[in-house]
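J.: These are the residues of each chain, in order.
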Amino acid sequence: MTVVVIGVGNRLRGDDAAGPAVAERVRARAPHSVDVRICEQEPSRLLDALAGADVAFIVDAVSTGAAPGTLHRFDASAEAVPSRELRSSTHALGVGESLELARALGRLPGKTVVFGIEGSDFLAGGRLSRAVEEGVERAAASVLEEVELCTSEP
Amino acid sequence: MSSTRRTIQTDYLARVEGEGAMTVRLVDGHVEDVELRIFEPPRFFEAMLRGRSFREAPDITARICGICPVAYQTSAVNAMEDVCGVEVPEPIRMLRRLLYCGEWIESHALHVYMLHAPDFLGYDGAVQMAREHPREVERGLALKKTGNELMALVGGREIHPINVRVGGFYRAPTRAELRTLVDPLERARTAALETVRWTSSFEFPEREVDCELVALSEPQAYAIEDGTIVSDRALDIGPAEYDEQFTEEHVARSNALHSRRTDGTTYLCGPLARYTLGADRLSQTARDAAHDAGLGDDCRDAFRSIIVRSVELVYACDEALRLIGAYEEPERAAVEVEPQAGTGYGVSEAPRGLLYHRYRLDADGTIRDAKIVPPTSQNQLAIEDDLRGVVSSYADLPDDELRDLCEQTIRNYDPCISCATHFLTFEVERR
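In the order they appear, the protein sequences are chains A and B. Per the working numbering, the first sequence runs over residues 1 to 154. Per the working numbering, the second sequence runs over residues 1 to 431.
Where hints are given, some of them may not hold.
[To be verified] So these bits of chain B aren't anywhere near chain A, every CB distance computed over 12 Å: (1) G29; (2) R175; (3) A176; (4) D183; (5) L235; (6) G238; (7) S283; (8) R332; (9) D396.
[To be verified] FRET-style restraints, in silico, Cβ to Cβ: (10) T151/A with A152/B: 24 to 32 Å; (11) G294/B with R29/A: 55 to 63 Å; (12) R73/A with D298/B: 49 to 57 Å; (13) F45/B with R29/A: 31 to 39 Å; (14) T265/B with T64/A: 41 to 49 Å; (15) S201/B with A78/A: 33 to 41 Å.
These are computed hints drawn from the structure, not numbers from a lab. No residue lacks a Cβ here, since even glycine has one placed at the ideal position from N, Cα and C.
Take the sequences, apply the hints, and build the full model.
T.: See the structure below:
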């Protein structure tokens, strides 16, 4: 079973770095067989990162109005990804749109889960805010737990 | 007599790069005002550059945009080499052009397929279009991927390439490495030719822009990585004269600066200007494709810019193949550049149009002053003018149809608002 974990975001824009930060934590702790990637900016590249995967975990910063650091989980295999919440990075195609594009083209892995970490400050040059840093820790733990579940299955 | 006012509003304008807002005010069916507002806080890149070494400019400015980092790097190195009196050898310049072709392929494929085509085929976006036109969308993604691969190979990685330096590159690719791109680029050229046939079959409203068209020009080639600044109204200047001919002003409603000619008039740069001023220097394949698509020697129709971008896709693939075929590994990947005090000017053709950089350096190479004028700032007035014309011509349309047409008008110019500073809300007010 091919499992891919993709952190989306721009590391130089404050809380937008949440996705890559989770990917780095997962990379350090997940089995080597798990393909961990970072997708900085322009999320339509996600489609290439999804190629050949059976299971995909995608982590991105979101902006829904919830408390900073709040962890959201969307099961993209079961329902459409809310594209407005996942366009905090404002690039041409958002994460939600890219995943829906993958679905329309029959390229969405059988199991696709999106973790969204609520961000508050996306200013250029900023660092992860403390609340989001804690959200990153929780998100990494959740991803690892789910990775463990699907890699331990026969 | 009371006047009638109507207000139409959407939360944001989709399928443009960045964040901003558009308001159109109509009084009794006449356009009172059109505003393009840009929200994102000014990005302070020019201030950030002050005090940094001239060698850091290509890597810092590449961060201004995730779609056209090569444009920022190229204009920056052109300007730094200008200050320091260095001209890079031809093989290095050609390698820059090759890298730039990758950016054109990626950026144009993204805009043509994902952002612009859905307008002509009546879809809300690429996702809806993909359900009914999966073959075309896959073709666009494949094209874009080839652009990415070219950028990754020559630039060191796909976005924010790390291999570009003042004086050349940190490492020049080998011939064998570049040859791996021949097959993908040949397939991409075929896909680009199909793209021209596809986009030229769309239906287009008849609308022409009547402002001055400004682009870079080179004697022998379709200008990409450098050139002189020319227009269809007899402008012909070097980059150093840019500030005498063009001016920027801050408009209260927007965080982006608006450019105009110093005589106050509006101008447009980008694919329409490049094609109109340089179509004769396209490759034969690209010229034939343009001809078969019904494009003449010039194109002032912003809606048909999607065909021009498709033709430029053909050209970028063709040119990349030519450059790879002629490639000789340079003896050294870069020439040494010693800093000099002075002011330097650099230009190049970003996918969206002319990108101007100016830097003033100390004798030790410290940047004292920086000025960067991205294509979207330069095109903002022309976009507003065109929008005003569209609203006047189609004022009788119901609000939602008028809004769709206005959004499409904006997308015709592929504005990269994140470059100009970032998201677009759209509002029509009728009184």
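J.: Return holds or violated for the Cβ distance of G294/B and R29/A against the range 55 to 63 Å.
T.: About 58 Å separates the Cβ atoms of G294/B and R29/A, which means 55 to 63 Å holds.
J.: Once the closest CB in chain A is found, is it more than 12 Å from G238/B?
T.: holds (32 Å)
J.: Range first: 24 to 32 Å. Now tell me if the beta carbons of T151/A and A152/B are that far apart.
T.: Once the Cβ atoms are compared, 29 Å apart, the range 24 to 32 Å for A152/B and T151/A holds.
J.: Beyond 12 Å from every Cβ of chain A: is that where the Cβ of D183/B lies?
T.: Check passes; 18 Å lies beyond 12 Å.
J.: Using the C-beta atoms of T265/B and T64/A, is the stated range 41 to 49 Å upheld?
T.: holds (45 Å)
J.: State, for the Cβ atoms of R73/A and D298/B, whether the hinted interval 49 to 57 Å holds or is violated.
T.: holds (54 Å)
J.: Is the nearest CB of chain A more than 12 Å from the CB of R332/B?
T.: holds (31 Å)
J.: Hey, does A176/B actually stay past 12 Å from chain A on C-beta?
T.: holds (24 Å)
J.: Are all beta-carbon distances from R175/B to chain A longer than 12 Å?
T.: The claim holds: R175/B sits with its nearest Cβ about 26 Å from chain A, beyond 12 Å.
J.: Looking only at beta-carbon atoms, does the pair F45/B, R29/A fall within the given range of 31 to 39 Å?
T.: holds (36 Å)
J.: Holds or violated: 33 to 41 Å for the Cβ distance of S201/B and A78/A?
T.: Cβ of S201/B to Cβ of A78/A: about 38 Å, so the range 33 to 41 Å holds.
J.: Take a quick look at G29/B and tell me if its Cβ sits farther than 12 Å from every Cβ on chain A, holds or violated.
T.: Given that every Cβ of chain A is farther than 12 Å from that of G29/B, nearest at about 33 Å, it holds.
When each numbered hint is compared with the structure, no violation occurs for any of them.
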